[in-house]
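These protein sequences, in sequence, are chains A, B and C.
By the count of numbering that gives the first Met the number 0, the first sequence reaches residue 425 at its end, each step adding exactly one.
By the count of numbering that gives the first Met the number 0, the second sequence reaches residue 228 at its end, each step adding exactly one.
By the count of numbering that gives the first Met the number 0, the third sequence reaches residue 234 at its end, each step adding exactly one.
Hints in this document: simulated from the structure, not taken from any laboratory.
Even for Gly, the Cβ is constructed at its ideal location relative to N, Cα and C.
Be aware that a few hints might be false.
In silico DSS-like links for lysine-lysine, alpha-carbon gap of 27 Å or less [claimed, not checked]: (1) A:Lys129 - A:Lys329; (2) C:Lys37 - C:Lys117; (3) A:Lys265 - B:Lys156; (4) B:Lys156 - A:Lys399; (5) A:Lys399 - A:Lys380; (6) B:Lys156 - B:Lys113; (7) A:Lys329 - A:Lys380; (8) A:Lys380 - A:Lys344; (9) A:Lys68 - A:Lys329; (10) B:Lys121 - A:Lys129; (11) B:Lys156 - A:Lys68; (12) B:Lys156 - A:Lys380; (13) C:Lys117 - C:Lys171; (14) A:Lys265 - A:Lys129; (15) C:Lys37 - C:Lys171.
Selected chain A positions facing chain C (Cβ under 7 Å, derived; list incomplete) [unchecked claim]: (16) Ile43; (17) Ile45; (18) Pro47; (19) Pro50; (20) Ser79; (21) His341; (22) Phe343.
Reference excerpt, derived from the structure (chain A facing chain B, CB under 7 Å, subset only) [said to hold, decoys possible]: (23) Leu42; (24) Ile245; (25) Lys265; (26) Cys357; (27) Ser395.
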Amino acid sequence: MSKRTVEFNVGRNPEMGIDGSVVDSPILPFDIPEPDLDTENMLINIGPQHPATHGVLRLVCELDGETVKRVIPHIGYLHSSFEKLGEYRTWNQVVPLTDRMDYLAPLIYNCAYVMTVEKLMGIEVTERCKVVRVICMEMDRIFSHLLWLGTTAIDVGAFTPFLYAFQERERIYQLHEAFTGARITTSATRVGGMMADLPEGWTDGLQDFLDTFPDTLEEIDRLLTRNQIHIGRSQGIGAISAEDAINSGFTGANLRACGVDYDVRKDQPYYDYETYDFEIPVGQHGDCYDRYLCRMEEMRQSVSLLRQALERLPGGPIDVEDPNISLPSKTDCMSDMESMIHHFKLITDGIPAPEGDCYMPIEGSKGELGMYIVAEEGGTKPVRWRIRPPSLVNLSVLPKLAEEHLVSDLIMINASLDIVLGEIDR
Amino acid sequence: MLDETKTGLDTVEGGPQLSGKSTDSSGGKMDDPDGHPSVIALLSQFGDAVSGHRVFAGTQHVVWIDSACNLEILRWLREQQDHQYDMISDITAVDYGAGRPIEVVYQLFSTVYKRALRVRCKLPLDGLEIDSIVELWSAANWLEREVYDLFGVTFRKHPDLRRILMPHDYEEGHPLRKDFPLRGRFSRAEQTRRALDQSVEHSYIAEEMDLGRDPQQATPIIGTKDGDE
Amino acid sequence: MEEGGARMGLKDALPGGGTSSVTGGMFGDGSPTFLTSKIDWIINWSRRNSLWPMPFGTACCAIEMMASAASNYDLARFGMERMSFSPRQADVLICAGRVPYKLAPVLRRIWDQMPQPKWCVSMGACASSGGVFDVYSMVQGIDTIIPVDVYVPGCPPRPEGLIYGLMMIQEKIREESLSRHFEHRAEDPSSVARPHANDAQVIGLTGPFGNSTQQEELSNKEPGTRGELPEELLP
Chain A
0 MSKRTVEFNV GRNPEMGIDG SVVDSPILPF DIPEPDLDTE NMLINIGPQH
50 PATHGVLRLV CELDGETVKR VIPHIGYLHS SFEKLGEYRT WNQVVPLTDR
100 MDYLAPLIYN CAYVMTVEKL MGIEVTERCK VVRVICMEMD RIFSHLLWLG
150 TTAIDVGAFT PFLYAFQERE RIYQLHEAFT GARITTSATR VGGMMADLPE
200 GWTDGLQDFL DTFPDTLEEI DRLLTRNQIH IGRSQGIGAI SAEDAINSGF
250 TGANLRACGV DYDVRKDQPY YDYETYDFEI PVGQHGDCYD RYLCRMEEMR
300 QSVSLLRQAL ERLPGGPIDV EDPNISLPSK TDCMSDMESM IHHFKLITDG
350 IPAPEGDCYM PIEGSKGELG MYIVAEEGGT KPVRWRIRPP SLVNLSVLPK
400 LAEEHLVSDL IMINASLDIV LGEIDR
Chain B
0 MLDETKTGLD TVEGGPQLSG KSTDSSGGKM DDPDGHPSVI ALLSQFGDAV
50 SGHRVFAGTQ HVVWIDSACN LEILRWLREQ QDHQYDMISD ITAVDYGAGR
100 PIEVVYQLFS TVYKRALRVR CKLPLDGLEI DSIVELWSAA NWLEREVYDL
150 FGVTFRKHPD LRRILMPHDY EEGHPLRKDF PLRGRFSRAE QTRRALDQSV
200 EHSYIAEEMD LGRDPQQATP IIGTKDGDE
Chain C
0 MEEGGARMGL KDALPGGGTS SVTGGMFGDG SPTFLTSKID WIINWSRRNS
50 LWPMPFGTAC CAIEMMASAA SNYDLARFGM ERMSFSPRQA DVLICAGRVP
100 YKLAPVLRRI WDQMPQPKWC VSMGACASSG GVFDVYSMVQ GIDTIIPVDV
150 YVPGCPPRPE GLIYGLMMIQ EKIREESLSR HFEHRAEDPS SVARPHANDA
200 QVIGLTGPFG NSTQQEELSN KEPGTRGELP EELLP
């Protein structure tokens, strides 16, 4: 906990000096006198089908000229009732629903869900499983941040980072596919373990990705971090103070950009995150630019975490060796009577849970992702399955952030919050 | 058509029917409050209002409080120097079905002491009302709207209590209640017809319609159904 | 045609290319200075090679659609690099992802705004049939709302799947004829902002199937209290 702040040695609005060195100069606002005319505010509807809303978000804005006076967000255009559907499924059948919720970081959602069920049932997963899940989650953090980076760059008019980011994402797609068989909808976790162990040679593929990915990241960094247009579009835009940010429920990189070092991986550690060596980037101004810097640094930290996890990846079984939780192998099932009975019971009945409820937060790519599960004594289905949606709470601050900004800044602020509509509407 | 439906759906708005069976999720039990200073302090400060305390999943402390003083207790938890629960992680509700009370769940976290606490309030089905806590945490705004939308719990003094996920004129009831069928109450044909049988004005709330209205003209300046927007 | 040139392979593709004795024609020495072809062929050829998709992306499938448009799969190879975010300049509606009832009027409106001729690709299981989401809020297949030309299966489909679906649209365009155009593509003006399927068709299309038949009961073995609904509203 000693060193948690990373210093960004990037000046505010750098410009080239006479001798070629970088000097900081403030961005001066234009001072135009107000003409004395009768005006009235205008009502503008953006979305739900609009490329800049990153999904099916709908914003109704009241405009004074081009200044946003008020924003009323409307959500629910992707309401797929995951929570209701989960009440009809056994514990393991819920897993395929979780990756359709946040399709930008499916493995994080898979892990978060089974982690909560395991916590409720008091199951301790194996050491290998813990490290494999850390690998999965950190990989998908990069996966999600890359898409955010690409689409946000498009929103401020830069198309190249999108292509670079998708080139790297394509390699994570291939890693997903080699491990789980699917590119996005991974459904990789099961209560008490994973659907399968890592295939042979998979860690080499990941190592290969880790060797070359930082170079691409630096390339994107060179395109955006000191880019005058990008800086002008994001510095001082959508700023919020640390106190307001906590009060209004900001989490994740959005909160850390305001200077609060709240990260679930450090503050409520799970899967031995306290034993890994990583730092949490913290911003100062809480504006769009600091959010961008925080996410860029988070990707670098994730690369370092992945390297550490690959180093310590232990051998041994990946599933819990308890026949009442994990399915027996196919061979056992075909040749051994007892295994077959366990298989039959697990498939037809499911895993019985103790009475109680459990809330388990983890650090998702968008913020604090909490899963809340209520179970009945011996129940094989959740009585209530609730997802604490980080994007929903982050988005609810948008009206406050966008006030008195221009419409184009509204797009930038919305992009910088890193929302995913599948999880907002659930 | 619409009027017929209204009469049929009056029962929906009244909430689920009470059945004779009624059990308590906390069972009125008191687990050992040791290990969580906030629970000990709550018991000594608000002894009468705390109706139960359990420890689930090893370390998770849950406190049941009287729904009439939720605002008072949560304010105390937020502002006391020894507790400082400055972050509200989640607000949700649980319906156990079978006429048991719906429970509103507050998940608190203190960034100062790195401590979590879960507070639950029971609401009987014939009195689904509780005080809003938006004045304490502005994050509660949308979370409470969601509970209102999906469970039908009314939050008193909420600044903007509207449906949030379902359309604002959704007539089939509150979907996350246990007595709500998975496929909805209407047939698919009726649901499809209702979804498309809406004018553009329908997708704006009253407040926005007022903003878009030209004071000189009676009709709002919003595109009509068949024309351009 | 020289290898790699802009008109490479064009000569082979054109049927009925005429002959001429004039040298220095449009394809080089000895080639004709004119072309004869069927107007159907020319129009279909140009139409199918410059399709402008309108991406109606909502969920997971939209991410795969973005992957198809990005550098690895490069949809631009098929003349579709210009994603048209305005329906008025679009030819193909790609509906990628789940569509709730709240979004259904938006989808119908975008379809109504697109000029003829237009085609529709329903990408993924949710758009085609509702997928796993056989629930109160979801449209069970967008073919109840708008007419669909090609269904691409998968959850989500791979980019190759989407590209194959779009090539099937191109095949479909190749078969079209101007003389039967109005027969094929004319729409009843009164169908604007109305569901594409009638009530009986909707009920037929959206019935429970497969595993979802078990979902008829209420969750947690709760006996149902349906209230007093009129007959025609009940499922």
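Practice task
Just pull the numbers of the violated hints for me, sorted ascending.
Solution key: The structure breaks hints 3, 5, 6, 9, 10, 12, 16, 17, 21, 22, 25; every other hint is satisfied.
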